[in-house]
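A.B. asks: Each chain, written out:
Protein chains: 2
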Amino acid sequence: MLELVHEGSVTSPKGYLAGATYAGLKTLEEDTLDLGILMSQEPAALAATFTTNRIESPSVTLSRQRASKGVAKGVVANSGCANCCVGSQGLADAKELAFLAANHAGIGPDEMLVCSTGMIGVELPMALLRQNVGNVDVTADGGHLFARAIMTTDSRPKDMAVSLEMDGRRVTIGGAAKGVGMVHPNMATMLAFITTDAAVEPGFLGTVLRQAVGVSFNMIDVDGDQSTNDTVLLFANGAAGGPVTEAGSDSAGVFQDALTYVCIGLAKELARDGEGAQRLVEVVVDGARTEADARVAAREIASSSLVKAMVHGGDPNWGRIMMALGKSGIEVDESKIDLFLSDIHIVHDGKAIPYFKDAVVSAMNVPEVGFRVSLNVGEGSATAWGCDLTEEYVTFNSAYST
Amino acid sequence: MLELVHEGSVTSPKGYLAGATYAGLKTLEEDTLDLGILMSQEPAALAATFTTNRIESPSVTLSRQRASKGVAKGVVANSGCANCCVGSQGLADAKELAFLAANHAGIGPDEMLVCSTGMIGVELPMALLRQNVGNVDVTADGGHLFARAIMTTDSRPKDMAVSLEMDGRRVTIGGAAKGVGMVHPNMATMLAFITTDAAVEPGFLGTVLRQAVGVSFNMIDVDGDQSTNDTVLLFANGAAGGPVTEAGSDSAGVFQDALTYVCIGLAKELARDGEGAQRLVEVVVDGARTEADARVAAREIASSSLVKAMVHGGDPNWGRIMMALGKSGIEVDESKIDLFLSDIHIVHDGKAIPYFKDAVVSAMNVPEVGFRVSLNVGEGSATAWGCDLTEEYVTFNSAYST
Numbered sequence: 000m001l002e003l004v005h006e007g008s009v010t011s012p013k014g015y016l017a018g019a020t021y022a023g024l025k026t027l028e029e030d031t032l033d034l035g036i037l038m039s040q041e042p043a044a045l046a047a048t049f050t051t052n053r054i055e056s057p058s059v060t061l062s063r064q065r066a067s068k069g070v071a072k073g074v075v076a077n078s079g080c081a082n083c084c085v086g087s088q089g090l091a092d093a094k095e096l097a098f099l100a101a102n103h104a105g106i107g108p109d110e111m112l113v114c115s116t117g118m119i120g121v122e123l124p125m126a127l128l129r130q131n132v133g134n135v136d137v138t139a140d141g142g143h144l145f146a147r148a149i150m151t152t153d154s155r156p157k158d159m160a161v162s163l164e165m166d167g168r169r170v171t172i173g174g175a176a177k178g179v180g181m182v183h184p185n186m187a188t189m190l191a192f193i194t195t196d197a198a199v200e201p202g203f204l205g206t207v208l209r210q211a212v213g214v215s216f217n218m219i220d221v222d223g224d225q226s227t228n229d230t231v232l233l234f235a236n237g238a239a240g241g242p243v244t245e246a247g248s249d250s251a252g253v254f255q256d257a258l259t260y261v262c263i264g265l266a267k268e269l270a271r272d273g274e275g276a277q278r279l280v281e282v283v284v285d286g287a288r289t290e291a292d293a294r295v296a297a298r299e300i301a302s303s304s305l306v307k308a309m310v311h312g313g314d315p316n317w318g319r320i321m322m323a324l325g326k327s328g329i330e331v332d333e334s335k336i337d338l339f340l341s342d343i344h345i346v347h348d349g350k351a352i353p354y355f356k357d358a359v360v361s362a363m364n365v366p367e368v369g370f371r372v373s374l375n376v377g378e379g380s381a382t383a384w385g386c387d388l389t390e391e392y393v394t395f396n397s398a399y400s401t
Numbered sequence: 000m001l002e003l004v005h006e007g008s009v010t011s012p013k014g015y016l017a018g019a020t021y022a023g024l025k026t027l028e029e030d031t032l033d034l035g036i037l038m039s040q041e042p043a044a045l046a047a048t049f050t051t052n053r054i055e056s057p058s059v060t061l062s063r064q065r066a067s068k069g070v071a072k073g074v075v076a077n078s079g080c081a082n083c084c085v086g087s088q089g090l091a092d093a094k095e096l097a098f099l100a101a102n103h104a105g106i107g108p109d110e111m112l113v114c115s116t117g118m119i120g121v122e123l124p125m126a127l128l129r130q131n132v133g134n135v136d137v138t139a140d141g142g143h144l145f146a147r148a149i150m151t152t153d154s155r156p157k158d159m160a161v162s163l164e165m166d167g168r169r170v171t172i173g174g175a176a177k178g179v180g181m182v183h184p185n186m187a188t189m190l191a192f193i194t195t196d197a198a199v200e201p202g203f204l205g206t207v208l209r210q211a212v213g214v215s216f217n218m219i220d221v222d223g224d225q226s227t228n229d230t231v232l233l234f235a236n237g238a239a240g241g242p243v244t245e246a247g248s249d250s251a252g253v254f255q256d257a258l259t260y261v262c263i264g265l266a267k268e269l270a271r272d273g274e275g276a277q278r279l280v281e282v283v284v285d286g287a288r289t290e291a292d293a294r295v296a297a298r299e300i301a302s303s304s305l306v307k308a309m310v311h312g313g314d315p316n317w318g319r320i321m322m323a324l325g326k327s328g329i330e331v332d333e334s335k336i337d338l339f340l341s342d343i344h345i346v347h348d349g350k351a352i353p354y355f356k357d358a359v360v361s362a363m364n365v366p367e368v369g370f371r372v373s374l375n376v377g378e379g380s381a382t383a384w385g386c387d388l389t390e391e392y393v394t395f396n397s398a399y400s401t
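Chains as they are written, first to last, in numbering that gives the first Met the number 0: chain V, 0 to 401; chain D, 0 to 401.
Everything labelled a hint here was simulated from the structure, so no lab data went into it.
Among the hints, erroneous ones may be present.
Any copy will do: because identical chains look the same in the list, a pair fits if it lies in one copy or spans two.
In silico DSBU-like cross-links for lysine-lysine, where the CA-CA straight-line distance does not exceed 30 Å [stated by the list, open to error]:
no.	residue 1	residue 2
1	68	13
2	68	356
3	267	356
4	335	94
5	356	25
6	13	350
7	356	335
8	25	68
9	94	350
10	25	350
11	94	267
12	13	356
13	13	335
Turn these sequences into a full structure, and let the hints steer you where they fit.
C.D. replies: See below:
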């Protein structure tokens, strides 16, 4: 039985500390947090997924290397600067930042990972980081500060936690995520940090993380673009006690379900807060030949600029959904397709059902719009999330760096 | 020596007739043309490319079937209705429209192809088409009327012609195209009609069309979406006289160059007139490992929403170009990349060159913005075209059907 933790965060699970400070990377306003540390008091099993962009931040390169050991204690994260496209200086800076943060937190330098997010093409302001890393107070209730420190164009922090019974003990999973632009499903799209006090076998931890990311962060889209810095880190420190969860354990299924719940919860918050967005759209594709087909189609529909614009206008221009479905290249039989907009049956057997337009416009004028496409050629189903494309997205992104 | 024909159109080559009428498919304003016929007086060799969208209009299905014979006389085109997602009625309507137009034009029904463009999901208003097809006067100077009849959201008609010397004779190639939304490179993206009075062997005609489409219509992007009705038709009726051009002919190269020139000319006009667009952007990728790599990267950059928004703002936020390059998945060596914005060298060996921002902003404040990415890992190069993403695109597309 999954319970949502009231005001939960990455420090809700036992044995985690976090904190943040202002270092001056984003703005001159001193109440803006831009440098944070999250750590486990004991070594934690670690699973991670990283961007597949061929241009990657040296912060990703360093974290990827350290994550390969499957165990770590913490991560230092900065916003305001992506530490990307800066030549060889980038890796040196990432290493120094990790060293400084590890030293301050009292852990070994190799046990600390690094995540950076913000402008591409400018070097990390190391002078500011050296001055300020010592101001990060890591505490057992600092999770919300950490969630604020990783924000860039996000309008609000995104964090949560759930607790559940596993092997007779109460186990907690917390998570924080950021990233509302340059967001398109591919491996891991944005930054997300997930902590748990469950004891989990490292190989199984990697397996369940990949599965959870596959149905959550990999199924959202804001603008079809993919960051150079995407990272999802999952720490499991076992502080809740109890037996180690591994593949085949009694608790394997419930742990995976809970992790998936947290990942989907955070992923939906990212899409909902998409740059300029006013509406979340959930696209369900079912009856596909395979689950893979359903995933491809759901993502293609949620990523289409014309579908996003139609959601913005509350306009039941369903031909665009058919266009995006066809563009996905999956196997369809047009004469078997059913389509529902906000639960209203719009297309049956590939043909429009006459509908009262005002009623559909009204049904679409809600904060969460749902589309369901039933292909009726198999059993595969998948869900993707996107947001509407608004004038504000354009205005905002045409003047981001200037 | 290629010469641009003054006010050229699809009827500039010898032996072609065209015309258009108002049939009431798009608007109640009677000066709006929405139904056109283009025909060759003699049977013409025909090459064609069609949409790869899995949902296709029955107009495409019928034309694809008739084009497979490699010879035809004409095409009837309507705007205002895509004749798509309408069940089995769509193919019956496409056949009847072709029959009516062929009958009126005095050619065999199987010699007439059909192209439809406009709203998806509504049936062709056959009563209006039956009433009005007889009003299409096809004449030797009706090319511009035909170009106007195929417009949907286009702000202006797009047609042109070039003439050249081939085997001692003057040969002309004319073209008309439409399509400024739901435009993303894949086989053929929009409607384009190309005519020539050259005599060309049908197999060679198909080869050169595929090559020309590959570097023109397939290299433009407005919004990443792909129409269900895309079609490019190329008629060659031999009315200029002279020997038949085939693979290996003396004239093969000049014909291909001229055809490519027309296709690129029309493709750039489509991108320039992209929905809401204010600027054309040309993306050159050179020094790639292969030409295929260069094509993928150039398209990815020209298609990125964040790059498009940055072009709109005249903002030299070049990290987004690097992001889109990396997202393309092609082989790059970050430390070898050079980047130029409007001829200003911005990145050398993967690192930013300090530049005077106001100068770059000023250089980008032009109707045609150029980006060049030199990968310096091989000899492959390619060019793609896109347009900026504007608030008007969103406003327009959030209220298109309502």
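A.B. asks: When no copy is specified for residue 68 and residue 13, does a C-alpha distance of 30 Å or less occur within a copy, between copies, both, or neither?
C.D. replies: This pair counts as within: shortest intra-copy Cα distance 23 Å, inter-copy 73 Å.
A.B. asks: Have a look at residue 356 and residue 335 and pick one of within, between, both or neither, based on CA distance no larger than 30 Å.
C.D. replies: within (23 Å within a copy, 55 Å between copies)
A.B. asks: If the cut is 30 Å between Cα atoms, do residue 94 and residue 350 qualify within a copy, between copies, both or neither?
C.D. replies: This pair counts as between: shortest inter-copy Cα distance 19 Å, intra-copy 59 Å.
A.B. asks: Is it within a copy, between copies, both, or neither that the alpha carbon of residue 25 lies no farther than 30 Å from that of residue 68?
C.D. replies: neither (32 Å within a copy, 63 Å between copies)
A.B. asks: At most 30 Å between CA atoms: does that hold for residue 25 and residue 350 within a copy, between copies, both, or neither?
C.D. replies: between (52 Å within a copy, 21 Å between copies)
A.B. asks: Could you place residue 13 and residue 335 in one of the four classes (within, between, both, neither) given a Cα distance threshold of 30 Å?
C.D. replies: neither (51 Å within a copy, 47 Å between copies)
A.B. asks: Within, between, both or neither: how does the pair residue 356, residue 25 come out at a Cα-Cα threshold of 30 Å?
C.D. replies: Between copies only: 19 Å across, 46 Å inside.
A.B. asks: Could you place residue 267 and residue 356 in one of the four classes (within, between, both, neither) given a Cα distance threshold of 30 Å?
C.D. replies: within (28 Å within a copy, 37 Å between copies)
A.B. asks: For residue 335 vs residue 94, is the C-alpha pair at or below 30 Å within one copy, between two copies, both, or neither?
C.D. replies: between (56 Å within a copy, 23 Å between copies)
A.B. asks: Cα distance capped at 30 Å. Does residue 94 pair with residue 267 within a copy, between copies, both, or neither?
C.D. replies: neither (33 Å within a copy, 47 Å between copies)
A.B. asks: Evaluate residue 68 and residue 356 at a C-alpha cut-off of 30 Å and name the case that applies: within, between, both or neither.
C.D. replies: So residue 68 and residue 356 fail the 30 Å test inside a copy (57 Å) and across (43 Å) alike.
A.B. asks: When no copy is named, should residue 13 and residue 350 be tagged within, between, both, or neither for a Cα gap of at most 30 Å?
C.D. replies: neither (55 Å within a copy, 43 Å between copies)
Violation of the numbered hints given earlier is confined to hints 2, 6, 8, 11, 12 and 13; the remaining hints are satisfied by the structure.
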